[in-house]
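> Going line by line, the protein sequences match chains R and W.
Position in the first sequence counted from 1, then plus 673, gives you my numbering.
Position in the second sequence counted from 1, then plus 673, gives you my numbering.
The hints are simulated quantities; they were obtained by calculation from the structure and are not laboratory data.
All the pointers check out, no bait thrown in.
Just so you know, same-sequence chains aren't split out, so a pair can sit in one copy or run between any two.
Taking lysine to aspartate or glutamate and the EDC-like style, the derived pairs with C-alpha atoms no more than 16 Å apart in a straight line are: (1) LYS972 to GLU866; (2) LYS863 to ASP900; (3) LYS869 to GLU963; (4) LYS869 to ASP946; (5) LYS765 to GLU789; (6) LYS863 to GLU944; (7) LYS1040 to GLU818.
2 protein chains.
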Amino acid sequence: MSNILVLGAGRSSSALIEYLLEQSAGLNCTVTVADQNPESARQKTGNHPAARPVGIALEDAAAVEQLINEASVVISLLPPTLHYKVALSCLKYGRHLLTASYVNEEIRSLDLQAKEKGILILMENGLDPGIDHLSAMKEIDSMKEKGGVLKSFRSYTGGLVAPESDNNPWHYKFTWNPKNVILAGQGNVKYLENNKFKYIPYQQLFARAEEIEIEGEGIFEGYANRDSLSYLKLYNLNDVSTFIRGTLRKSPYCRGWNSLVQLGMTADSFEVDNPGNLTWSQFADSFLPEIPGKNIEEKFCLALGLAQDAEEFKMIRWTGLFSDEVCPVKKGTPADYLLSLFEKKFVFAQGDKDMIVMQHQMQFEIKKQSENINATLVVKGDEKHSAMAKTVGLPLGITAKLILQNKIKLTGVQIPVMKELYEPLLKELEEKGIRFKN
Amino acid sequence: MSNILVLGAGRSSSALIEYLLEQSAGLNCTVTVADQNPESARQKTGNHPAARPVGIALEDAAAVEQLINEASVVISLLPPTLHYKVALSCLKYGRHLLTASYVNEEIRSLDLQAKEKGILILMENGLDPGIDHLSAMKEIDSMKEKGGVLKSFRSYTGGLVAPESDNNPWHYKFTWNPKNVILAGQGNVKYLENNKFKYIPYQQLFARAEEIEIEGEGIFEGYANRDSLSYLKLYNLNDVSTFIRGTLRKSPYCRGWNSLVQLGMTADSFEVDNPGNLTWSQFADSFLPEIPGKNIEEKFCLALGLAQDAEEFKMIRWTGLFSDEVCPVKKGTPADYLLSLFEKKFVFAQGDKDMIVMQHQMQFEIKKQSENINATLVVKGDEKHSAMAKTVGLPLGITAKLILQNKIKLTGVQIPVMKELYEPLLKELEEKGIRFKN
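Work out the full structure: start from the sequences and follow the hints.
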């Protein structure tokens, strides 16, 4: 009897674990779910006969190794920094490893050893990265077979709140790591447009977000991700002149966020001086030029050249940034302060539904004609699982099944860009309601 | 016979070396001038009988130590990173050390040892830092004696080009480390204003430059330096509600520079992709949003919301940034590219004169009345020495003389904020034409 090990039973694991337990009888396998919080593992597995929930101390290397040794396939939902150690144990015992995290140089360096051992280390096999690769490569390969060449590729993904749970002026709630949302875009953004390398500094990133209308869903804004260029090689694209990967937010999120970026409030590089009773309006005031006789709201609008009825201004006022409430944070960077401000306002409450939106905008050249293809995915959360849990977890679950069924022969460190993966994965995802519309 | 050692005979050493040689007979001392380039040392010392020019390999620790051992006072004009090693040798042989560089934690940690050895390690004893401390503390102490309390302090210094040599739209030439000028303001800027801590992010720094008119010299712009707050303690200020130290440029320099900052062209954190024949206009284009049918100049103006007759636009066009000339740099950060662009345009040519401008804007409270004092220093370069060489070098030279005359009893790691230093130093600087006007 085989065994699948799921490391980490956090909020995006529910759909994956349910799927694996559903498949367990057919696969004749057990499913071990290990989490630092054993209660979390038990909750996610219910009383399923194939389930083996366990508590585990991640720092107990021997215990983690023992679990890996007992599995045929390991799925790691742990924080990305822990994947390398898990991968080393998988190599040691010859176990396959699947994750939804970005591959890095450290993991990539294990490619040859993984091939020698005959195991697959499949990275970027969740939603974004994951379903974006699967769906893009399917379109690109299918046009290639017909003689088409990809000229332009723009792809945006957002983890958002579903319309029925959207009740704030930012049209956003935290359905994912909140600090990452606060720090989004810090770093160097690079992409390719009209055969030119383009660089966007942080202070321009949100101001330059592109407006994107998605049929039936409204107006969104897309801002570019850090480094799109590494995918040119991974997608085997030689003739593409525009290639951008980005993040989607519901309009006018980026306009509001841009005002905080401009003022430096998202900085994570120094600590705010707080005598202990700093209020939110005092915090805000620290980032504004001193203008005698003006109140905090007036100073804010003057600093950014906004009218007092500007949407950005109303969005910021809604957060409580201009209030006389004392900041709960006493020590931290400006980004830590913003995190605590927004954590109270962007609460994804019990019963709230989330939504995943992904759109590829592709332009091909085929028989000297230009052909545009837009492929759009909209997934909404339901009573049982969030859209995030479904779209991150199911690609991992389906891949684990295919491995146990001996339907995947790949070895080495890979990302899911090959037909061997995207064909069966997209087919089964469609059956689960995760379906692109052209 | 005593001996003064000058380490480094670069472009700001001339006035210092001339001064020390002038004083050598009265002090009954010799002056050793050591530089990696012996020719440089010889040129600066002429055939003066008291001079001992030597070539030295800085990596030859034994040779440097030997020179330090032979001196009574060491003046280091070496790059700041080398001062710590020099200070350790000074401690070893019990020699005094003077520099014009900022004190750091490493140097500060030698305070107790220096006191035990009875030597003075005097840092920040040039222009800025240096003359700014001397002159500010003189005003502050003199008002204190009369019962006045400093409430507000704004101090700006600029190393600029003299009006007679000013022939470009930026009113600026490189009279100091050019890469530092390109990177100026990167980091976190903090100051105190109306009893509030204020933070300025890089993207706001040049846009928020204050306009400052200096009588007889025209309109300048002052932008805040990185960290003003550490001086509150060093100046022994308890009641000040506004404290800002900053850098001066001739207007409209900051407006022009701001446009490059906004577009991300001053970044030093990633390398530009250059196929080998990148032109300046292609370099610029990489930082601009793609707008079909617009040329590079139009894209630039649209990206920044500038009219085509805007002064900023004309300043940038003058640099050659929109030209089809191939960039001489092949590998480097955006900042490296800008450096090579501006190095050709901000040339401080043979015969050009430089100018130092410093202004303290102080507000005191005395007998419940408010009193404003502006102290302004303008120094111009002459046929023999640049203003920079005079203002950086003379405080060091005069201090060395006072030490040999046994007129300074200070020991430990210090910066020149005490009467024992500012009184004789400012007096002699005045005699040399370096004089503040109130």
